[in-house]
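S.K.: Here is what each chain is made of, one letter per residue.
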Amino acid sequence: DTEVTQTPKHLVMGMTNKKSLKCEQHMGHRAMYWYKQKAKKPPELMFVYSYEKLSINESVPSRFSPECPNSSLLNLHLHALQPEDSALYLCASSRRDPSYNEQFFGPGTRLTVL
Amino acid sequence: GQQVMQIPQYQHVQEGEDFTTYCNSSTTLSNIQWYKQRPGGHPVFLIQLVKSGEVKKQKRLTFQFGEAKKNSSLHITATQTTDVGTYFCAGQAGNQFYFGTGTSLTVIP
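Order-wise, the sequence lines are chains A and B.
Residues in the first sequence are numbered consecutively from 28, following the working numbering.
Residues in the second sequence are numbered consecutively from -2, following the working numbering.
Isolated chain A (complex conformation):
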């Protein structure tokens, strides 16, 4: 299995809602990443997990809360988001960190905040 899956594909939420994005991989990768990508812009790194521990948090607002329950799963909990948080949220994994090796990306969750 060489796939990273993400659910849901689309999400619309209000500013007072709480929701979660999910990411899963079964390639045995020990590094997992969350990225945010706005239209016509490059992906921006948000969080890096290495061996299920948060190793890098790129100064992301606390309304985004990552969680890595085990080596195959990565969640992103969302609370009190702003309309400017609307974007494509991409999950990726790679064999190991910190060398950011070849990253396999999931299809992303397209988030709209109303």
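What the hints contain is simulated information worked out from the structure, not anything from laboratory work.
Don't take every hint at face value.
Simulated crosslink set (BS3-like; lysine-lysine; CA at most 25 Å straight-line) [claimed, not checked]:
#1 A:LYS36 with B:LYS33
#2 B:LYS33 with A:LYS49
#3 A:LYS49 with A:LYS63
#4 B:LYS33 with A:LYS68
#5 A:LYS63 with B:LYS33
We have chain A; now place chain B onto it with these hints.
M.R.: Frame of chain A; chain B shown alone:
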């Protein structure tokens, strides 16, 4: 701010023409990767370069890492309509990892 810049931002070519995108970093990179993102899709890994001056080829694609490890290029020979998409370089410096600004390629049949 953004530390890895790419030029050009957009490129339209006739099918069969060559295409090159250039990637420049303000800091020395330990490695550089290239990704392709089709419209509506997600980034797909193409290649990683690690050594100064390294050149790698994948069929019609040629990748180069500069001697100072601050720049890189991707050259596509005889473009095809399947080459359409945005090409991103992505560089690592220490624990930092940045995607370049991207070059959007349109191929006109």
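S.K.: Next, verify each hint and record whether it holds.
M.R.: Hints, verified against the model:
Using a Cα cut-off of 25 Å, the hinted pair A:LYS36 and B:LYS33 holds, with the two alpha carbons roughly 20 Å apart. Between B:LYS33 and A:LYS49 the CA atoms are separated by roughly 23 Å; this keeps the pair inside 25 Å, and the hint holds. With a C-alpha separation of about 14 Å, the suggested pairing of A:LYS49 with A:LYS63 holds against the 25 Å cut-off. A hinted pair counts as satisfied when its Cα atoms are at most 25 Å apart, and B:LYS33 with A:LYS68 qualifies at roughly 13 Å.
A threshold of 25 Å between alpha carbons decides the hint, and for A:LYS63 with B:LYS33 the separation of about 17 Å falls inside it, so the pair holds.
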